[in-house]
Amino acid sequence: MIPRLDETAIKLAPSILSADVARLAEQVGEAEQGGADRIHVDVMDGHFVPNLTFGPVIVKWLRPVTRLPLEVHLMIDNPDQFLEAFAEAGANTLIVHQEGGIHLNRTVQQIKALGRRAGVAINPATPAGMLEEILPDLDLVLVMTVNPGFGGQRFLAGTLPKIRTIRQMIDSLGTNCELEVDGGIDHKTAPLVVEAGARVLVAGFSIYGATDGVAAAMDRLRDLGGVR
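Read left to right, the sequence shown gives residues 595 to 822 (the working numbering).
Just so you know, the hints here were simulated from the structure itself, not pulled from any lab data. Errors might be hidden in some of the hints.
[What the hints assert, rightly or not] Listed next, the in silico EDC-like pairs over lysine to aspartate or glutamate satisfying Cα-Cα at most 20 Å (straight line):
no., residue 1, residue 2
1, K654, E678
2, K706, D731
3, K605, D639
4, K605, D733
5, K605, D813
6, K605, E789
7, K706, D674
8, K654, D674
9, K605, E772
10, K706, E727
11, K654, D631
12, K605, D765
13, K782, D765
14, K706, E726
15, K605, D631
16, K782, E727
17, K706, E678
18, K654, D813
19, K654, E693
20, K706, E682
21, K605, D780
22, K654, D639
23, K605, E626
24, K605, E624
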């Protein structure tokens, strides 16, 4: 059996979706200096979600800017055609959506063949059971706690039971698969998702929109998550 992750090790993944793109290098540096564990890059294609964001060139540009792992969240249709490009650009983890492709197992195996960590995200309306077959092959599960497409949305409390269910599924397997949440994570919702079993918190607006700075915002989330 693979050793279980430290249950108290809450990790933070600032999302550059809410960063000031004109100051992106500076803001990623602030996150790194403030103790971020990884940088979350949201990729949107205007089809799977109603928004357009970043491509492989941004990941390639970010790679020499930070020593932190780069986590690329592919909110796109048919992600297979872009996996190699993002891997070559410097992504450490590639996250695809359960709803975004036809052959999920093939996609996950392709990510692993590229030497990258494989994650699968599920939307708020997707039941936890849709992960049952693929879960043993995953390094990370990302539960969307808002409908994907835009930053700064209100947290959907109805996703909490699903987080608990997936936590139980991971624990039953005894794997080191991480349970991550993304959407509406702030000082009010961080304690809720941690109590439900999440161990990685993606946060954008609550970090980069904080009036007292990036480092203070991350400290606040760690405090609320129960880890100092």
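Hints and how they fare:
1. K654 / E678: holds (13 Å)
2. K706 / D731: Within the cut-off at roughly 9 Å; holds.
3. K605 / D639: Violated - the C-alpha atoms of D639 and K605 are around 27 Å apart, more than 20 Å.
4. K605 / D733: Holds. K605 to D733 sits at ~15 Å (cutoff 20 Å).
5. K605 / D813: With Cα atoms ~11 Å apart, K605 and D813 stay inside 20 Å; holds.
6. K605 / E789: OK: K605 and E789 at ~14 Å, within 20 Å.
7. K706 / D674: Given that 20 Å is the threshold and the Cα spacing comes to 12 Å, the pair holds.
8. K654 / D674: Holds - the C-alpha atoms of D674 and K654 are around 18 Å apart, at most 20 Å.
9. K605 / E772: The given pair, whose Cα atoms are some 10 Å apart, holds under the 20 Å limit.
10. K706 / E727: Status holds; Cα separation ~17 Å.
11. K654 / D631: holds (19 Å)
12. K605 / D765: holds (18 Å)
13. K782 / D765: violated (26 Å)
14. K706 / E726: It holds: about 19 Å lies between the C-alpha atoms, which stays within 20 Å.
15. K605 / D631: holds (6 Å)
16. K782 / E727: violated (33 Å)
17. K706 / E678: holds (11 Å)
18. K654 / D813: The hint is violated at about 28 Å.
19. K654 / E693: Cα-Cα ~27 Å, so violated.
20. K706 / E682: holds (13 Å)
21. K605 / D780: holds (14 Å)
22. K654 / D639: Holds, because 18 Å separates the two Cα atoms, which is no more than 20 Å.
23. K605 / E626: holds (12 Å)
24. K605 / E624: Holds - the C-alpha atoms of E624 and K605 are around 16 Å apart, at most 20 Å.
Hints 3, 13, 16, 18 and 19 from the earlier list are contradicted by this structure; the remaining hints agree with it.
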